[in-house]
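Q: Chains as they are written, first to last, in my numbering: chain W, 1 to 62; chain X, 1 to 140.
Keep in mind that a hint or two might mislead.
The calculated lysine-lysine pairs, modelled on DSS-like cross-linking and capped at a C-alpha distance of 25 Å, are [stated by the list, open to error]: (1) X:K28 x W:K37; (2) W:K37 x W:K2; (3) X:K28 x W:K6; (4) W:K37 x W:K6.
Chain W is faced by these chain X residues, among others (derived, beta-carbon under 8 Å) [as the list claims (entries may be wrong)]: (5) D8; (6) G9; (7) I14; (8) K28; (9) R58; (10) E63; (11) T64; (12) A100; (13) R104; (14) E111.
If you want the ones that stay clear, here's a sample from chain W, every Cβ over 12 Å from chain X, calculated [stated by the list, open to error]: (15) K6; (16) L23; (17) V25; (18) Y38; (19) S41; (20) I56.
Read the hints as simulated data drawn from the structure, not as lab findings.
For glycine and all other residues, C-beta sits at the position ideal for the given N, C-alpha and C.
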Amino acid sequence: MKNRLKVLRAERDWSQADLAARLDVSRQSVNAIETGKYDPSLPLAFRISALFGMPIEAIFEA
Amino acid sequence: MTASKRLDGRTYMIGFAVMALVGVSVIKGLLFFGQPAAALAVMATVLAVALSTTFALRGRLDETGRAAEQFAWYWGGGGALALTLAALGLYMAAGAPWLALALRGSWSPVELIALGAFGMAAAQVMGFALAGVLWWQARR
């Protein structure tokens, strides 16, 4: 699954570790999601959506 | 921004694999030098440490770490169990060659039963560790 997580993170000048702390996940999880190698659960996708203030479909695409 | 309190699932799995490898190597060494009682004691200790560490740390894993762990138990642990049973079946069908050479030292029947039980558990632990590390390697 493709996503805009890396772009959104860069726009805010956050490191992967910063984003991981904000989402309460490990940095490795952020990396796996950003590279499209792991699809987050719906609860985590909602947390990401809330953090960036955008709808899920604006961040993730099938 | 403070660092995430979540446990790094990749390091957790690699650490587990290294501990399992060291434990199994020590056990194999003790068996090779004909020390069944010491080998069984080490096996029991390694399994106890591995299981208690896993249960103590797994609460700090995030969903990716838990997904890796689930994959590792299902495919690694289950796969290793199936492979070990298949290998044991083939070995017995072949007449159990070199058994006396493999079992140096004097073994009591209870020690032999314990060796079989711990051997299966050790195979599952190794399978778990291998599958977990491979899961993370595929997602680097």
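Q: Each hint needs a verdict: does it hold in this structure or not?
A: The hints, checked one at a time:
1. X:K28 x W:K37: Distance of about 37 Å is beyond 25 Å: violated.
2. W:K37 x W:K2: holds, 9 Å
3. X:K28 x W:K6: violated, 47 Å
4. W:K37 x W:K6: Roughly 13 Å between the alpha carbons, so the hint for K37 of chain W and K6 of chain W holds.
5. D8: holds, 5 Å
6. G9: Holds, because the Cβ-Cβ distance from G9 of chain X to chain W comes to roughly 6 Å (cut-off 8 Å).
7. I14: violated, 11 Å
8. K28: violated, 32 Å
9. R58: Hint on R58 of chain X: violated, closest Cβ of chain W at ~13 Å, above 8 Å.
10. E63: holds, 5 Å
11. T64: holds, 4 Å
12. A100: For A100 of chain X, the interface hint is violated, since the closest Cβ of chain W sits about 48 Å away, which is over 8 Å.
13. R104: Check failed: Cβ of R104 of chain X comes no nearer than 44 Å to chain W, outside 8 Å.
14. E111: violated, 42 Å
15. K6: holds, 15 Å
16. L23: violated, 8 Å
17. V25: It is violated; V25 of chain W is separated from chain X by about 4 Å at its closest Cβ, not greater than 12 Å.
18. Y38: violated, 6 Å
19. S41: violated, 5 Å
20. I56: Holds, since 16 Å exceeds 12 Å.
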